[in-house]
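**Q** Chains as they are written, first to last, in the working numbering: chain U, 1 to 111; chain R, 112 to 228.
Take these hints with a grain of salt, some might be off.
[Claimed, not checked] With a straight-line Cα cutoff of 20 Å, these simulated DMTMM-like cross-link-like pairs (lysine to aspartate or glutamate) come out:
#, chain 1, residue 1, chain 2, residue 2
1, U, Lys-56, R, Glu-163
2, U, Lys-54, U, Asp-24
3, U, Lys-54, R, Glu-216
4, U, Lys-5, R, Glu-155
5, R, Lys-122, U, Asp-24
6, U, Lys-103, R, Glu-163
7, R, Lys-182, R, Glu-163
8, U, Lys-103, R, Glu-155
9, U, Lys-68, U, Glu-58
[Claimed, not checked] Taking CB as the label site, the calculated pair distances span:
#, chain 1, residue 1, chain 2, residue 2, range
10, R, Gly-183, U, Pro-82, 34 to 44 Å
11, R, Ser-138, U, Gly-94, 23 to 33 Å
12, R, Gln-128, U, Ile-53, 16 to 26 Å
13, U, Ser-69, R, Glu-194, 25 to 35 Å
14, R, Gly-114, U, Arg-61, 19 to 29 Å
Bear in mind the hints are in silico, worked out from the structure with no lab data behind them.
Cβ coordinates follow ideal geometry from the N, Cα and C atoms, glycine included.
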Amino acid sequence: DQQVKQNSPSLSVQEGRISILNCDYTNSMFDYFLWYKKYPAEGPTFLISISSIKDKNEDGRFTVFLNKSAKHLSLHIVPSQPGDSAVYFCAGAGANSKLTFGKGITLSVRP
Amino acid sequence: DTGVSQNPRHKITKRGQNVTFRCDPISEHNRLYWYRQTLGQGPEFLTYFQNEAQLEKSRLLSDRFSAERPKGSFSTLEIQRTEQGDSAMYLCASSIYGQGGTNTEAFFGQGTRLTVV
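Kindly produce the complete structure, drawing on both the sequences and the hints.
**A** Right, dumping it as structure tokens:
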């Protein structure tokens, strides 16, 4: 069973606009959630996280929102830049901190 | 210390051969994780260590796979009698697990891409 779902495989946005990346989860035991960014031939790079007791966390251009009742989180990037083009993974983490990842979404930011 | 280091970056091997990968975590990190990523999927958890103790293994980790972290620093992942289905990117990550159960985010290495022919 897929505990973390990223249902849209790709997203294309214009430079300067907002990118909204969505993620749904089924496991209520996750303690926190993370977003990672991945370029080809590199390992994932940590972007931002949110505790399950929070509903928002912001870091510069990146904001993550968590809706526990809907088991949904989203990553907002504003303004989007061409260097943001990459694959973004949503992940949930439980008490042992092991990560359960979604399949990822490919973001393309058009100049 | 510039981050998590994995060697080799690429490995091509013939079916049935044994392979071993190495991971050097960030030096003060006491937790070390192994993940596997195949095309079109997110990384999947394989196993993790706290210091030298292997605390959990995924059911994905068949008996052909073994991981060690003998001195609580670097780790090795060995695959015996490789199969074509083992072809994947093998990722290592490390983090700090502190007193009281707090944990930093995991930092990943660049991965080892295994191709079994």
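**Q** Now tell me, hint by hint, if it's right for this structure.
**A** Results for each hint:
1. With a C-alpha separation of about 36 Å, the suggested pairing of Lys-56 of chain U with Glu-163 of chain R is violated against the 20 Å cut-off.
2. Under the criterion of a C-alpha separation no larger than 20 Å, the hint pairing Lys-54 of chain U with Asp-24 of chain U is consistent with the structure, at around 16 Å.
3. Pair hint Lys-54 of chain U plus Glu-216 of chain R holds up; C-alpha atoms about 17 Å apart against a cutoff of 20 Å.
4. Our distance criterion of 20 Å between C-alpha atoms is met by Lys-5 of chain U and Glu-155 of chain R, whose separation comes to about 13 Å.
5. For the hint linking Lys-122 of chain R to Asp-24 of chain U, the alpha-carbon distance of about 35 Å lies beyond 20 Å, and the restraint is violated.
6. Of the supplied pair hints, the one linking Lys-103 of chain U and Glu-163 of chain R is violated, its CA atoms being roughly 30 Å apart against a limit of 20 Å.
7. The hinted pair formed by Lys-182 of chain R and Glu-163 of chain R meets the criterion: a straight-line CA distance of about 6 Å does not exceed 20 Å.
8. For the hint pairing Lys-103 of chain U with Glu-155 of chain R, the CA-to-CA distance comes to about 10 Å; that is within 20 Å, so the pair holds.
9. With a C-alpha separation of about 17 Å, the suggested pairing of Lys-68 of chain U with Glu-58 of chain U holds against the 20 Å cut-off.
10. A hinted range of 34 to 44 Å holds for the C-beta pair Gly-183 of chain R and Pro-82 of chain U, which are about 42 Å apart.
11. Between Ser-138 of chain R and Gly-94 of chain U the Cβ separation comes to about 26 Å, which falls inside the hinted range of 23 to 33 Å.
12. Distance hint check for Gln-128 of chain R and Ile-53 of chain U: the Cβ-Cβ separation is about 48 Å, which falls outside the suggested range of 16 to 26 Å.
13. Range check, Ser-69 of chain U to Glu-194 of chain R: about 44 Å between beta-carbon atoms, so the 25 to 35 Å window is missed.
14. Separated by about 23 Å at the C-beta atoms, Gly-114 of chain R and Arg-61 of chain U satisfy the suggested range of 19 to 29 Å.
Hint compliance for this structure: hints 1, 5, 6, 12 and 13 are not met, and every other hint is.
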